[in-house]
Amino acid sequence: MSNPSAAGFEPMPRHGVTLRLRLKPMAEPTGHVDGAWWPRSRDLAEELPELLRVLGVRLGHIYRVVYRAREWAVAPAQALIDGKRVLLDKSYYQPSDTICLEGGHGTRHTLFVVPPWGVPHFAHDAMMTAAAPNNATTVADLLEISAATPADRVAEDEAKARWDCERRSKQG
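Heads up: the sequence shown begins at 1 in the numbering used here, then just goes up one per residue.
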């Protein structure tokens, strides 16, 4: 077999850490995304191998990954993962904060990408929301859930408490 580097793509390294991924149950597709992924960096070449290995169980061999160019570090045009070629297709039209994975037999998954710097509790909330059965939350709303700062959440809780208190006082 020929050297992969000579063919124009480099083998991607194994990441070796727990993958932060949540997927909707296997069923008819619903909503804007099929789940959520929380990478540890914006280095696609470093982050993708484990994601593709895990999703390969559901999608078969993933032959193409479409990502929004401005949201990731420069990546090669293709990679060799577990001996199989994967096209890495940067796009300026891929919806923000998503990644699209295309597998064999026409399978396709769009994942919400939680920003790597997210606050763990809020990132978890966004991932669980994205993966809920029949969830149709927009990517913008998922991003807002994942990006909320503790101060934002406290202010929101205080505003809800004030509204509830005012509503009860008007009723009573």
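Honestly, the hints are just simulated from the structure, not real lab data.
Be aware that one or more of the hints could be misleading.
[Stated by the list, open to error] Quick list of simulated restraints, FRET-style, between CB atoms:
| id | residue 1 | residue 2 | range |
| --- | --- | --- | --- |
| 1 | GLU144 | ASP82 | 14 to 24 Å |
| 2 | PRO76 | PRO133 | 13 to 23 Å |
| 3 | PRO115 | SER91 | 25 to 35 Å |
| 4 | VAL119 | GLU28 | 31 to 41 Å |
| 5 | GLY104 | GLU144 | 30 to 40 Å |
| 6 | ASP89 | ARG53 | 30 to 40 Å |
| 7 | TRP117 | ALA140 | 23 to 33 Å |
| 8 | ASP82 | THR18 | 31 to 41 Å |
Backbone N, C-alpha and C define an ideal beta-carbon position, used for all residues, glycine too.
(request) With 31 to 41 Å as the target window, see if ASP82 and THR18 comply at their CB atoms. (result) violated (19 Å)
(request) Take the C-beta atom of ASP89 and the C-beta atom of ARG53, compute their distance, and say whether it sits inside 30 to 40 Å. (result) violated (19 Å)
(message) For the hint 13 to 23 Å, verify it against the beta carbon of PRO76 and that of PRO133.
(response) violated (36 Å)
(request) Hint says 31 to 41 Å; check whether the CB-CB distance for VAL119 and GLU28 agrees. (result) holds (33 Å)
(message) Verify the CB-CB distance for GLY104 and GLU144 against the hinted window 30 to 40 Å.
(response) holds (34 Å)
(request) Can you let me know if the beta-carbon spacing of GLU144 and ASP82 is within 14 to 24 Å? (result) Since the Cβ atoms of GLU144 and ASP82 sit about 36 Å apart, the hinted range of 14 to 24 Å is violated.
(message) Quick check on a hinted range of 23 to 33 Å for TRP117 and ALA140, using CB atoms only.
(response) violated (18 Å)
(message) Quick check on a hinted range of 25 to 35 Å for PRO115 and SER91, using CB atoms only.
(response) violated (19 Å)
Checked against the numbered hints given earlier, the structure breaks hints 1, 2, 3, 6, 7 and 8 and satisfies all the rest.
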